[in-house]
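Asks: Build the full structure now, drawing on both the sequences and the hints.
Protein sequences appear in the order of chains S and X.
Going by my numbering, the first sequence opens with residue 1, and the numbers climb by one from there.
Going by my numbering, the second sequence opens with residue 1001, and the numbers climb by one from there.
The hints are simulated quantities; they were obtained by calculation from the structure and are not laboratory data.
Here a beta-carbon is modelled for each residue, glycine too, at the ideal position from N, C-alpha and C.
Be careful, since some hints might not be right.
[Stated by the list, open to error] Have a look at the derived ranges for each label pair, beta carbon to beta carbon:
1) Gly1067/X x Val124/S: 37 to 45 Å
2) Ser192/S x Gly1188/X: 30 to 38 Å
3) Thr1140/X x Ala18/S: 39 to 47 Å
4) Glu1138/X x Gly301/S: 32 to 40 Å
5) His1068/X x Leu117/S: 28 to 36 Å
6) Gly181/S x Glu1206/X: 55 to 63 Å
7) Glu1138/X x Asn157/S: 55 to 63 Å
Here is what each chain is made of, one letter per residue.
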Amino acid sequence: MSATTLTRAAIAAPPRHAVFWLGAIGLGVALLVILRAIGNDYGYFAGYFILQYVVLASAWNILGGYAGYVNFGAAGFMAAGAYTAIALRKATGLDLMPGILAGAVVAGLLGLGTGYLTLRLRGVFFSIATLCLAVVLQTLVVNWDYVGGSRGAYIVNPMEIPPFVSWGEYMFVVMLVLAIGTVGIARALEHSRIGAGLAAIRDNERAAEAVGVPTLRLKLIATTLCGALMGVAGAPLPYYSGYLNPDAAFSLSYAVNAIAMPLIGGAGTWAGPVIGAVLLGTLQQAATVTISSALNLWIVGWMLVVFVALFPRGIMGWFRRRR
Amino acid sequence: MSGAVLLHAAGVGKRFGGFIALEAVDITLRPGERLGLIGPNGSGKSTFVNCISGDFAQHEGKVTLGGHALEGLKPHRRARLGLARTFQLPQPFASLSVLENVRVPLLFGADPAQATRRAMECLEQVEMAGKAEKLPRELTQVEQRRLELARAIALDPRLLIADEAMAGLSHAEIDQILALLLRLNAAGTAVIMIEHIMRAVTEFAERLVVFVAGRKIADGVPREVLAMQEVEDAYLGRQ
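Replies: Laid out in C-alpha cells, this is it:
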C-alpha cells in the first residue's frame, strides 16, 4: 500500500463543507415544503420539538462526545438561554432574534465559568458539578420575580408573521436554521485541530498534555461552545410556547435526552446526535400522540438499555469500523 | 549558567504528605547527552520525571530547560520547549489511528498545515509507516512503544525522557527500541533513559545516575557507578 493511500485510510476524510451545507439546506427546504403541504400545525410542533433536541444533543456532544466530559446540566444551560430571552424581552422589548443571541452569550459565559470552576474535576465528579449547577440556577430562577419566579412568565406572540402561514411555522423555521447552524459548527469542530485535540483529551488527557495539547484551553472552548449552543436551544422556548415556568425549563427530560440522544446515535461524531435526536424525538412524539407523553422518559430509558447492551458505541459506531 | 547545559535541575524536592519522594536532587544534562537513570522501585525516578515534565509541581528546587525556567509551566508548554516523554505503560489515543496519534502534537505545533506529511515522516523513522491506518489496540506491545516514540519525535524534542520504554519487551524488541533511541540521539536529541533492564542501560547510557529513597547517590560513567559499593548495596541489599 502506498504512503498516500495509507494516509487517506488513516485519517478521517477531509470535510466537504459545500456538500454538507447544500445538503442540509436542501433537506431543510424539503421538510418545510412537505409540512406546508400537509398543512397541519402539529407537524410544525413535532418538527420544532425534534430540531430543538438536535441542537441540544449536538451541543452536549461537543463536551461529552468530543472531549469525554459528561454534562448532566443541559437543562440548566438551556433554561439560562430561555430566561435570558425572557429577561431581555421584559427589560428592552427586544424579541426572539436578539433573545437567541443574548441567550447564547449568557449560556456561553456560564459554560466558560463552569469550565474554569469544574474542569479540574474528572469523570463522575465533573458530572455531579454540572448537575448541581442546574439545581442552583433553578433555585435562582424560582426566586427571581422579575422573570416570573415560580409562577412562570408569559410572552405574547403576534397573531400573524408574514410570509409564514402561522407562528408555529415561523418557530419551526427558526429552529431549523439553528439546528443546521449547530450541526454545521459541530461538524466543522470535529474536523478541525480543536476536534483532534478534544479527541486526544477524551482518550487520554495526561498524554494529550504531554504531547503539547493545551488541554485546559480546549476544554474551555468546549464548555463555552456547549453552553452557548444549549442556550440557543433554550432561548426560543418561551416564544414557542408563550409561557415558561421553572419546572418546564429545568425539566429532567432535557438533561436525560441531551445525554441519551448522542449515546444512542453515536457520541463523538457530528451525525450521531442528529440520528439519536430524530430517532428518539420521533418515537417520543409518536408515543405522545398515540398513548401519553408520560411514556417519553420510559422510552428513553429502554432505548438506552438496549443500545448500551447491544450497540455501546451507538448507531454510528455500529456502521463505522473505527471511532 | 553555561550555554552547553540543556537541563538543569537544582535541589529538586517533592513530598507526598509526610513522605519525602525526592530530596534535593541535582542533575545537569548537556545537549545530545545520553543519561541512564536507575534505582530500585520507589526510589523517586518517575517522581523526578513527573516534576521535570510538569505532571507534578516540586516543593523545592529549580528546573531549567535550555535556560528557560520551567516553574509554573504546564506540561504542554514544556513539550513545546522541546521536552518529550514516554510513559511506563504506553498511553496512545485509543480511538485515533496510528497516524492521527502522531498528527495530534503536530496540529498544535508551528506548522499544522504540514501535520500529515510530518506525521508520516515520524512514523517512517520508527518503521511504523505501514501501520498508519491501524488503531492502537491492533498493535503489538513493541509497536505501541514505537508509536509513543513517534509521537515524541513529532515534538522535535531537545530532550526525550524514556520512562521504562522497554518494560515487558523481548530481547530482540529491546534491541529494536535501543536502536531507535540511539538514532534519535544521533540526530541531536538528549535522552534520559529510566530503566530496570541493566543491559539496555549500560549499552545506551554514557552517564549513569542512581536514585535511592529519593536521593541521588551516584552520578558518573556507568562502569564506575555500577562498581560502587553503595549502588550494589541499594540493589542487592547491604551484606
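Asks: Decide, hint by hint, whether the structure agrees.
Replies: Hint by hint, here is what the structure shows:
1. Take glycine 1067/X and valine 124/S: their Cβ atoms lie about 43 Å apart, and the range 37 to 45 Å holds.
2. Evaluation of the 30 to 38 Å hint for serine 192/S and glycine 1188/X yields a pass: the beta carbon distance comes to about 33 Å.
3. Take threonine 1140/X and alanine 18/S: their Cβ atoms lie about 42 Å apart, and the range 39 to 47 Å holds.
4. Separation of glutamate 1138/X from glycine 301/S is about 35 Å and conforms to the stated range, judged on CB atoms against 32 to 40 Å.
5. Between histidine 1068/X and leucine 117/S the beta carbons are some 30 Å apart, a value that agrees with the proposed interval 28 to 36 Å.
6. A beta carbon spacing of about 59 Å between glycine 181/S and glutamate 1206/X agrees with the range 55 to 63 Å that was offered as a hint.
7. Separated by about 57 Å at the C-beta atoms, glutamate 1138/X and asparagine 157/S satisfy the suggested range of 55 to 63 Å.
In this structure, every one of the numbered hints holds.
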